[in-house]
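Asker: In case you want the letters, here they are:
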Amino acid sequence: MGPEGEAVRVNHVKLLVGGVQLRDGVTTVTDILGKIFTRAGLFAVAMEKGYASTIYGAHQFDPMLVTEEPPVSYGDPEVDVLVALDYDSNPDAPEQPNRDTVLRHGGKLRDGGVLVYDSSTGEIPTGALEARGIQVFPIPARRIAQSELKREIVKNVVMTGALFRLLQFDSDEAYLRQLLEERFLRKGREVVDLNLQAARRGRQEVERVLEANGYQLPVRLEPRPGRHRAVYISGNECLGLGAIAGGVRFYAGYPITPASSILEFMEQWLPKYGGRALQGQNERESIRAALGAALAGVRSMVGSSGPGISLKVEEFGVSGATETPVIVVDAQRAGPSTGMPTRPEQGDLNLVIGGGHGDFPRIVLAPGTVEECYTLMLEACELSDKYQCPVFFLTDLNLSEGKKTVLEEVFRPPQVVRHGIVREEDVRTKPYRRFEITPSGISPRSVPGTPGAIFKASGAEHDEFGFVSIDPRKRAAMVEKRMRKLDTYLQEDWKPPQVFGSVQGNPVMVGWGNTRPVLEEARLLLQRRGVPVALVHFTHVFPLHRRKLEALFADAGPVVVVEQNFSGQFADLLQRELRIATRRVNKYNGVPLYPTEVAEAVLQALQREGAVVRIGGDSQPVPVEVGRNEHEGD
Amino acid sequence: MNTKGIKLWEENAVPKHRIQWCPGCGDFGVLAALKQALTELEVMPHELLLVGGIGCSGQIRNYLNGNAFHGTHGGALAYGLGAKMANPDLKVICLAGDGDTFAIGVENFVHVCRRDPDMVLLVMNNGVYGLTKGQDSPTAGLGQPDERGSREEHPPMVDALLLALASEATFVAQSFSGDVKHTARMIVEAIQHPGFAFINDFSPCVTYNRFNTYDWFRERVEHVPEDHDPSDRDAAWRLVREFARRGKIPLGVVYRNPRPKRPQRRLPLWEDELSGVDLEPVLATYR
Chain A
1 MGPEGEAVRV
11 NHVKLLVGGV
21 QLRDGVTTVT
31 DILGKIFTRA
41 GLFAVAMEKG
51 YASTIYGAHQ
61 FDPMLVTEEP
71 PVSYGDPEVD
81 VLVALDYDSN
91 PDAPEQPNRD
101 TVLRHGGKLR
111 DGGVLVYDSS
121 TGEIPTGALE
131 ARGIQVFPIP
141 ARRIAQSELK
151 REIVKNVVMT
161 GALFRLLQFD
171 SDEAYLRQLL
181 EERFLRKGRE
191 VVDLNLQAAR
201 RGRQEVERVL
211 EANGYQLPVR
221 LEPRPGRHRA
231 VYISGNECLG
241 LGAIAGGVRF
251 YAGYPITPAS
261 SILEFMEQWL
271 PKYGGRALQG
281 QNERESIRAA
291 LGAALAGVRS
301 MVGSSGPGIS
311 LKVEEFGVSG
321 ATETPVIVVD
331 AQRAGPSTGM
341 PTRPEQGDLN
351 LVIGGGHGDF
361 PRIVLAPGTV
371 EECYTLMLEA
381 CELSDKYQCP
391 VFFLTDLNLS
401 EGKKTVLEEV
411 FRPPQVVRHG
421 IVREEDVRTK
431 PYRRFEITPS
441 GISPRSVPGT
451 PGAIFKASGA
461 EHDEFGFVSI
471 DPRKRAAMVE
481 KRMRKLDTYL
491 QEDWKPPQVF
501 GSVQGNPVMV
511 GWGNTRPVLE
521 EARLLLQRRG
531 VPVALVHFTH
541 VFPLHRRKLE
551 ALFADAGPVV
561 VVEQNFSGQF
571 ADLLQRELRI
581 ATRRVNKYNG
591 VPLYPTEVAE
601 AVLQALQREG
611 AVVRIGGDSQ
621 PVPVEVGRNE
631 HEGD
Chain B
1 MNTKGIKLWE
11 ENAVPKHRIQ
21 WCPGCGDFGV
31 LAALKQALTE
41 LEVMPHELLL
51 VGGIGCSGQI
61 RNYLNGNAFH
71 GTHGGALAYG
81 LGAKMANPDL
91 KVICLAGDGD
101 TFAIGVENFV
111 HVCRRDPDMV
121 LLVMNNGVYG
131 LTKGQDSPTA
141 GLGQPDERGS
151 REEHPPMVDA
161 LLLALASEAT
171 FVAQSFSGDV
181 KHTARMIVEA
191 IQHPGFAFIN
201 DFSPCVTYNR
211 FNTYDWFRER
221 VEHVPEDHDP
231 SDRDAAWRLV
241 REFARRGKIP
251 LGVVYRNPRP
261 KRPQRRLPLW
271 EDELSGVDLE
281 PVLATYR
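Chains A and B, in that order, are what the protein sequence lines are.
Per the working numbering, the first sequence runs over residues 1 to 634.
Per the working numbering, the second sequence runs over residues 1 to 287.
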């Protein structure tokens, strides 16, 4: 459908900004947009990060959905407005990279949408797009910046001004002016004025095209100021805030995408709360130092991604055996090996539930949203302290680095509770047993430096005092004590999955961690098509409470586990724990899940038992027939 | 000798008759020296954190009083680093072997030297992996001609003192556990050093290293000359090289040059220190 006769859509726009990595400042632009839209009382979600594991030169893009009310998810790939910041560095070799954004994403533009691109080094043939009713705005932003304003750096402000005009937003420049003043006033009024002039030039260019073509803009953003207090923030920043609020005062990390921004956040903020952040010389130093700090009584956390998590595996066992708590954030990216460092995946579940030799207790949590990066981290802090074992916190690239508008009411700092720490007066009358055999499996912990509560902690098997022992009875009792902590966790602290819709007699979509918003939206799409599918979504991912889950799934229809990995790691876990057959929808091409494709794939999976539907390419699900697993049970 | 003080170090420890070292093991000398040094300095056991490496030597953590930790092979220094960063009031002493420190843990050794946390590393250096029955460690070959076949399988030995100097350690000393009194002296000075203090202690393995015996060491050890300036790194380097050329082994403080440091405080860990923090300064930057 073309724009003619179509009403202007107010406060629901999906943008995509693209350009050359580093050179064009794609995320500088989207960060400014997100911040300004948030200030305007709107909701911005930019969680489909598209960049490459290089510093410079690759194509980069950052989609953003802007809405009046909090959106269910970031929506489908289709965009209303495409912003192309790229230009030819060499106009004599025009094939690259000028057209990257248009060539790669032009297909995502909806009919009647808007394309704005930097035409400084020549116009792009856009006849095919125009035939779909798409309004095309060639803006020579770089040329304006270079030759008129004499500062190339303001080219993106020209484009931002143009974009705001296209969105019919901020016509009095109030939002942009405020942001520019915050950033540049200390450099002088003339810097602010130059930027405002750049934005105005962008607007003028849009006006020129509008007049020449008689376009009617299809979208509009209207501010809704003062409705609520909100921030525009990433998942890594939220989990860092959660850690600080939850009492973490020691953080260690080694640079790795997409966990480095946790280290940066902690280096900036932990010292202001009395804590310390350490950039390890390697992944192992990081977690070892965190264990040392935890041993000294301080709540400790490390963050990394798949390759770094693999290197830390030996220390998970140390944490389990010595009962020294540590929170391990795994910002997952596509593996194996180096894999795709800038692409999301849910491929590390087996690593964190199975990594390490021998049996030891561990808890795996996976937040479903940026907000839960904060709230679930508060739980992680308490659980690691209470159960004295590694607690894993699984995000993925988009949840970690993606940003969105979050209401500030989410960030309530809790009352921190220290669990079972003995004081000098507790150990005056009887000898202190650090690894006392208890019904809950949790033993009294002490902080080194407490008179009378000296203890020996050892990765070697030990007795209740921590002295090395290979006595068979003591060994068995100690293994059982440690593993009993998981029973206690399941009884006292495990959270059942969130259920959307009715499971009874209906097909059930199952997900875990960061895919929840997309699965929720897929469920709504299916419901609209008359398919009464329920969604069961886990954030407490491991261990699983078998009895409660058996009850939940007892009368359920077919179970389809949707996850972003090849083999269906959570489906395997569910199948093993509950002895139910699962069908699977898997995507592992490095592109995030989208609601419509998930809905389609789930429909396909519902067609037959044992179905595995693999979502490949950009949109169309590819059904693949596989045999049923031998260990499936029934 | 203060026997009452020494007795204190035998509480919260494996009884003497259960100690699992071979008769005559050099580590007995280190254990005696540790007790002497800690007694002399009037350290209280509850203030002490002993971080043991993997191997015969790391077991020492359980043979005397004090809090102790023991994790992975090569990890002792990094655990110690974290504990010390969390609580500067703890006296942290890492006790490890030469395989632990210079093979699997060399990544920690080099960088902890640079970081210079206020803690001690005492390496019980015997040139072999004793616990696994005598394989070569990186310090194997002390005093032996370098003619043991291919370089790939038998590379020249790591010189622990030179590695420490090259890694910017601020205290480098050497001792021989056959001389308990001197070893105790080195431990006292290491604990008193305001920074990372490394002691390379030759601690003979009587079972698997029949070459570097007590007698072999006694013939070769020589105290660092009185006129050596331990604050001069070039002089320290020259001293190590000169002793090696003469086939001798220096005992004493080879290098000592503390760096100026800001005092650190214990990190917050109690409920009243952690609860209800004000997140406003952080949130303000995201509005």
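Think of the hints as simulated: they come from the structure by calculation, not from any bench.
Be aware that a few hints might be false.
[What the hints assert, rightly or not] Cβ pair distances, simulated, as ranges: (1) A:107 with B:114: 50 to 56 Å; (2) A:282 with B:146: 27 to 33 Å; (3) A:52 with B:150: 39 to 45 Å; (4) A:437 with B:151: 49 to 55 Å; (5) A:428 with B:213: 47 to 53 Å; (6) A:461 with B:133: 19 to 25 Å; (7) A:576 with B:4: 45 to 51 Å.
[Claimed, not checked] Here are the simulated DSS-like cross-link-like pairs (lysine-lysine), alpha carbons at most 30 Å apart as the crow flies: (8) B:181 with B:7; (9) A:187 with A:150; (10) B:4 with A:272; (11) A:272 with A:187; (12) B:181 with B:4; (13) A:495 with A:430; (14) A:474 with B:4; (15) A:474 with B:7; (16) B:16 with B:133; (17) B:248 with B:181; (18) B:16 with A:430; (19) A:495 with A:548; (20) A:430 with B:261; (21) B:133 with A:474; (22) A:430 with B:4; (23) B:4 with B:16; (24) B:16 with B:181.
Glycine included, C-beta positions come from ideal geometry on N, C-alpha and C.
Asker: Against each hint, give a clear statement of whether it holds in the structure.
Answerer: Quick rundown of the hints versus the structure:
In this structure the supplied range 50 to 56 Å holds for residue 107 of chain A paired with residue 114 of chain B, their Cβ-Cβ distance being about 52 Å. Taking the beta carbon of each, residue 282 of chain A and residue 146 of chain B are about 31 Å apart, inside 27 to 33 Å as hinted. Checking the proposed 39 to 45 Å range against residue 52 of chain A and residue 150 of chain B shows it holds: the Cβ atoms sit about 43 Å from each other. Judged by the Cβ atoms, the range 49 to 55 Å given for residue 437 of chain A and residue 151 of chain B holds: they are separated by roughly 53 Å.
Restraint check, residue 428 of chain A to residue 213 of chain B: a C-beta distance of roughly 49 Å satisfies the suggested window 47 to 53 Å. Checked against the hint of 19 to 25 Å, the pair residue 461 of chain A and residue 133 of chain B passes, with Cβ atoms roughly 21 Å apart. Between residue 576 of chain A and residue 4 of chain B the Cβ separation comes to about 60 Å, which falls outside the hinted range of 45 to 51 Å. The straight-line distance between the Cα atoms of residue 181 of chain B and residue 7 of chain B is roughly 18 Å, inside the 30 Å bound, and the hint therefore holds.
A distance of roughly 17 Å separates the Cα atoms of residue 187 of chain A and residue 150 of chain A; the hinted pair therefore holds under the 30 Å criterion. A distance of roughly 45 Å separates the Cα atoms of residue 4 of chain B and residue 272 of chain A; the hinted pair therefore is violated under the 30 Å criterion. At most 30 Å may separate the alpha-carbon atoms for a hinted pair to count; residue 272 of chain A and residue 187 of chain A meet this at roughly 27 Å. With a C-alpha separation of about 18 Å, the suggested pairing of residue 181 of chain B with residue 4 of chain B holds against the 30 Å cut-off.
Between residue 495 of chain A and residue 430 of chain A the CA atoms are separated by roughly 37 Å; this puts the pair beyond 30 Å, and the hint is violated. A C-alpha spacing of about 33 Å is found between residue 474 of chain A and residue 4 of chain B, which places the hinted pair above 30 Å, so the restraint is violated. A C-alpha spacing of about 28 Å is found between residue 474 of chain A and residue 7 of chain B, which places the hinted pair at or below 30 Å, so the restraint holds. At most 30 Å may separate the alpha-carbon atoms for a hinted pair to count; residue 16 of chain B and residue 133 of chain B meet this at roughly 23 Å.
At most 30 Å may separate the alpha-carbon atoms for a hinted pair to count; residue 248 of chain B and residue 181 of chain B meet this at roughly 20 Å. A threshold of 30 Å between alpha carbons decides the hint, and for residue 16 of chain B with residue 430 of chain A the separation of about 23 Å falls inside it, so the pair holds. Between the alpha carbons of residue 495 of chain A and residue 548 of chain A the distance comes to roughly 10 Å, so the proposed pair stays at or under 30 Å and holds. Distance restraint check for residue 430 of chain A and residue 261 of chain B: the Cα-Cα separation of roughly 41 Å exceeds the 30 Å cut-off, and the hinted pair is therefore not satisfied.
A threshold of 30 Å between alpha carbons decides the hint, and for residue 133 of chain B with residue 474 of chain A the separation of about 27 Å falls inside it, so the pair holds. Between the alpha carbons of residue 430 of chain A and residue 4 of chain B the distance comes to roughly 23 Å, so the proposed pair stays at or under 30 Å and holds. As the CA atoms of residue 4 of chain B and residue 16 of chain B are separated by approximately 16 Å, the hinted pair is consistent with the 30 Å bound. Between residue 16 of chain B and residue 181 of chain B the CA atoms are separated by roughly 20 Å; this keeps the pair inside 30 Å, and the hint holds.
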